[in-house]
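Enquirer: The primary structure of each chain is shown beneath.
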Amino acid sequence: MTAMLSITGITKRFPARRGLLDMIRGRPQLAVHAVEQVSLDVHKGETLGIVGESGCGKSTLARCVVRLHDPDAGAITFDGTDVLSLKGPARRSFNRRVQMVFQDPYGSLNPRMTVGDTLAEALHVHAIVPKPAIPARVRELLDLVHLPADAALRHPHEFSGGQRQRIGIARALAVEPQLIIADEPVSALDVSVQAAIVNLFMELQDRLGLTLVFITHDLRLVRHMTHRVAVMYLGRIVEIGPTAELFATPRHPYTQALIRAVPMVKPGRRGSEAAVIGELPSPLNPPPGCAFHPRCRIADVACRETIPPLHPAPWPVACLKANG
Amino acid sequence: MSAPLLEVDGLHVTFSTPRGPVHAVDGVSFSVGAGEVLGIVGESGSGKSVTLRAIPRLLHANAAVSGQVRWRGADLHAMPAEQLRKIRGGQIAVVFQEPMSALNPVLPIGLQIDEVLTAHTTLDTPARRKRATELLGLVGIASAATRLGQFPHEFSGGMRQRAMIAISLAAAPALLLADEPTTALDVTIQDQILKLLLRLVAELDMALVLVTHDLGVIAETCDRVAVMYAGRLCETGSVHDVFLRPRHAYTSALLRSMPGEGAARSMLVPIPGQPPRVDRQIPGCAFAPRCTFVEDRCATERPRLTPQGEGHAAACHAAARVAEAAS
Numbered sequence: 000m001t002a003m004l005s006i007t008g009i010t011k012r013f014p015a016r017r018g019l020l021d022m023i024r025g026r027p028q029l030a031v032h033a034v035e036q037v038s039l040d041v042h043k044g045e046t047l048g049i050v051g052e053s054g055c056g057k058s059t060l061a062r063c064v065v066r067l068h069d070p071d072a073g074a075i076t077f078d079g080t081d082v083l084s085l086k087g088p089a090r091r092s093f094n095r096r097v098q099m100v101f102q103d104p105y106g107s108l109n110p111r112m113t114v115g116d117t118l119a120e121a122l123h124v125h126a127i128v129p130k131p132a133i134p135a136r137v138r139e140l141l142d143l144v145h146l147p148a149d150a151a152l153r154h155p156h157e158f159s160g161g162q163r164q165r166i167g168i169a170r171a172l173a174v175e176p177q178l179i180i181a182d183e184p185v186s187a188l189d190v191s192v193q194a195a196i197v198n199l200f201m202e203l204q205d206r207l208g209l210t211l212v213f214i215t216h217d218l219r220l221v222r223h224m225t226h227r228v229a230v231m232y233l234g235r236i237v238e239i240g241p242t243a244e245l246f247a248t249p250r251h252p253y254t255q256a257l258i259r260a261v262p263m264v265k266p267g268r269r270g271s272e273a274a275v276i277g278e279l280p281s282p283l284n285p286p287p288g289c290a291f292h293p294r295c296r297i298a299d300v301a302c303r304e305t306i307p308p309l310h311p312a313p314w315p316v317a318c319l320k321a322n323g
Numbered sequence: 000m001s002a003p004l005l006e007v008d009g010l011h012v013t014f015s016t017p018r019g020p021v022h023a024v025d026g027v028s029f030s031v032g033a034g035e036v037l038g039i040v041g042e043s044g045s046g047k048s049v050t051l052r053a054i055p056r057l058l059h060a061n062a063a064v065s066g067q068v069r070w071r072g073a074d075l076h077a078m079p080a081e082q083l084r085k086i087r088g089g090q091i092a093v094v095f096q097e098p099m100s101a102l103n104p105v106l107p108i109g110l111q112i113d114e115v116l117t118a119h120t121t122l123d124t125p126a127r128r129k130r131a132t133e134l135l136g137l138v139g140i141a142s143a144a145t146r147l148g149q150f151p152h153e154f155s156g157g158m159r160q161r162a163m164i165a166i167s168l169a170a171a172p173a174l175l176l177a178d179e180p181t182t183a184l185d186v187t188i189q190d191q192i193l194k195l196l197l198r199l200v201a202e203l204d205m206a207l208v209l210v211t212h213d214l215g216v217i218a219e220t221c222d223r224v225a226v227m228y229a230g231r232l233c234e235t236g237s238v239h240d241v242f243l244r245p246r247h248a249y250t251s252a253l254l255r256s257m258p259g260e261g262a263a264r265s266m267l268v269p270i271p272g273q274p275p276r277v278d279r280q281i282p283g284c285a286f287a288p289r290c291t292f293v294e295d296r297c298a299t300e301r302p303r304l305t306p307q308g309e310g311h312a313a314a315c316h317a318a319a320r321v322a323e324a325a326s
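Chains H and C, in that order, give the protein sequences. Residue 151 in numbering that gives the first Met the number 0 is what sits at position 152 of the first sequence, and the numbering runs on without skipping anything. Residue 300 in numbering that gives the first Met the number 0 is what sits at position 301 of the second sequence, and the numbering runs on without skipping anything.
Extracted from the complex, chain H is given alone in its bound form:
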């Protein structure tokens, strides 16, 4: 299987604010290690989940792919072309083929434009359909995300959270993308509404043959709707594999802890011991060696010194103990 999107060794650091005193004392400039040496492939037609807790770099990684951030190192190829060197029309065409859906649909929709105008703008800028055909296409798009046709005449504030997310999805679909990167698209919604949006993603994927990267902190959703899942911790991928197998037999101690920490909707699993001890370390100053070692139950001296590489079989895991 060939990869549609291929990410190799992406690193992104953000310089931290440095006080005047620190400069005078000659303290080194600190940086937030948001994404460190991440490589992964996204295959055509699949749903890849990226999970992790806050500060693990999942959103930064997504933003690097659509070039909202420029990575410090690494390469990204989409359908064989180098994404990071794209300029002008080629870059615009890439932006059309890879669309993003954000967590807060209200923040990402123009409050002064009607929904119809928002969709028409996307169609016009990328010249998707000839001008006279735009109103008909807008109606089709609204129908695709199950919104009534009269939604086109209304403004974002007139809609509920779930409906706004449908508008966000319709706008992403307007330019006929091949890959959609959804960054926590349902986290702000109530569960009963969440279910409808999750269904919409799965339905659209089947109907339009879309490829989907689904970024979330919600393991229950990832387990339900993804084919493969990448688990990130402090900027790095610690494990990536087929969803069902990975949830059944997680290999990295962090993945194991994460899965155990998620409360299941099943009464009576009440334990008394927390799944993992300690705090998330600061990405300003990640621990040496394996970033998870201070919280890990099975870590030893080697874990404190060596950054574990991804062992390939049966699926990649970055743990010195996983194959021992």
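Simulated from the structure, these hints should not be mistaken for laboratory data. Check before you lean on any hint, since a few could be wrong.
Unchecked claim - Across the chosen pairs, the derived CB separations fall in these ranges:
id, chain 1, residue 1, chain 2, residue 2, range
1, H, Gly18, C, Asp74, 52 to 62 Å
2, C, Pro104, H, Pro110, 25 to 35 Å
3, H, Ala148, C, Met78, 31 to 41 Å
4, H, Pro313, C, Ala2, 37 to 47 Å
5, H, Ser38, C, Ala262, 30 to 40 Å
6, C, Glu153, H, Ala126, 49 to 59 Å
7, H, Gly267, C, Ser43, 50 to 60 Å
8, H, Ile306, C, Pro288, 54 to 64 Å
9, H, Ser271, C, Pro125, 31 to 41 Å
Stated by the list, open to error - SDA-like, lysine to any residue: derived pairs with alpha carbons at most 20 Å apart:
id, chain 1, residue 1, chain 2, residue 2
10, C, Lys85, C, Leu58
11, H, Lys265, C, Arg244
12, H, Lys265, C, Leu243
13, C, Lys85, C, Ala118
Where a beta carbon is used, it is the ideal one built from N, C-alpha and C, also for glycine.
Following the hints, put chain C in place on chain H, whose structure we already have.
Expert: Just chain C now, kept in the frame of chain H:
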């Protein structure tokens, strides 16, 4: 079983707003005993947080509250402010969702614990200092002595919530009211805080009322649960009964909408429509417009909370059919 510590009976909260009255809580009743964990679950706007805040009278002046809130038999809403102040923070403590806005940003944590100890205990200064160190240790904050001198901004999110819990525990309360205490936290930290709360309930024989929107948190943390919708109580009972044998159409729909053990990538079952607006009185069942079990009387006749077995009650005209569909 001993008499419950807290009894809430027919609680109504109506906010007067420039656009008219908002019926945030509409006739809610429940009780909690020592060593018991009660969960209140509902989606946004269901009135769960307002219910919790109404218990110790923490609502704004534009809230009209009726009904009874009895604490060890005495009505909290009828007692003089002076008497209430001794109970609030002393016997009943509150943990809020946002520790950063609940903590005082310009006071060291130690001083914020000390304030509670000064107000509610007779300890002298060295004893209070010692107690404050103990409390931080109890909630799992390492190097407590140094931490006492630090400010909230020097704490991480999880540590702030632990500090909040330490402050609320300072006067050894008999009841802890927790309003979405882990919603802002990462899942591994949420797990730690919930386990900590459960340990404290067991060790200190406290009662805990936990408000959350997360059914998973309820299932793994609570003994009993109260499900709220549009300001009303839909169903209440043991977590086991409510989750495995739901008798209210809303509870049943909510449980089915969660991604669970079902086949991967199977379609989930969302609840169609929107929750009703609470700025007008709803004559019948508030869930009727979204309900798949709806019958004629649901639109006009408000269902009353009716027993469905030992300690299990639901306010649903279609309880029998919901039960049948679930089995």
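Enquirer: Check the following: the C-beta atoms of Pro313 (chain H) and Ala2 (chain C) are separated by a distance inside 37 to 47 Å.
Expert: 58 Å Cβ-Cβ, so the 37 to 47 Å window is violated.
Enquirer: Hey, Lys265 (chain H) versus Arg244 (chain C), does the alpha-carbon distance stay inside 20 Å?
Expert: 12 Å, holds
Enquirer: I want to verify a distance hint. Is the separation of the beta carbons of Ser271 (chain H) and Pro125 (chain C) within 31 to 41 Å?
Expert: 34 Å, holds
Enquirer: Take a look at whether the Cβ-Cβ distance between Ser38 (chain H) and Ala262 (chain C) falls inside 30 to 40 Å.
Expert: Given a distance of about 31 Å, which is inside 30 to 40 Å, the answer is holds.
Enquirer: Return holds or violated for the Cβ distance of Gly18 (chain H) and Asp74 (chain C) against the range 52 to 62 Å.
Expert: The hint (52 to 62 Å, Cβ to Cβ) holds, given that Gly18 (chain H) and Asp74 (chain C) are roughly 55 Å apart.
Enquirer: When you check the alpha-carbon spacing of Lys85 (chain C) and Ala118 (chain C), does it fall within 20 Å?
Expert: Roughly 8 Å between the alpha carbons, so the hint for Lys85 (chain C) and Ala118 (chain C) holds.
Enquirer: Is it true that the CA of Lys85 (chain C) sits at most 20 Å from the CA of Leu58 (chain C)?
Expert: 18 Å, holds
Enquirer: Measuring from beta carbon to beta carbon, are Ala148 (chain H) and Met78 (chain C) in 31 to 41 Å?
Expert: With Cβ atoms ~58 Å apart, the hint is violated.
Enquirer: I want to verify a distance hint. Is the separation of the beta carbons of Gly267 (chain H) and Ser43 (chain C) within 50 to 60 Å?
Expert: 28 Å, violated
Enquirer: Within 54 to 64 Å: is that where the Cβ-Cβ distance between Ile306 (chain H) and Pro288 (chain C) falls?
Expert: 56 Å, holds
Enquirer: Taking 25 to 35 Å as the stated bounds, is the beta-carbon spacing between Pro104 (chain C) and Pro110 (chain H) within them?
Expert: Holds: the Cβ-Cβ distance is about 32 Å, inside 25 to 35 Å.
Enquirer: For the range 49 to 59 Å, tell me whether the beta carbons of Glu153 (chain C) and Ala126 (chain H) fit it or not.
Expert: 54 Å, holds
Of the hints listed earlier, those the structure fails to meet are numbers 3, 4, 7, in rising order.
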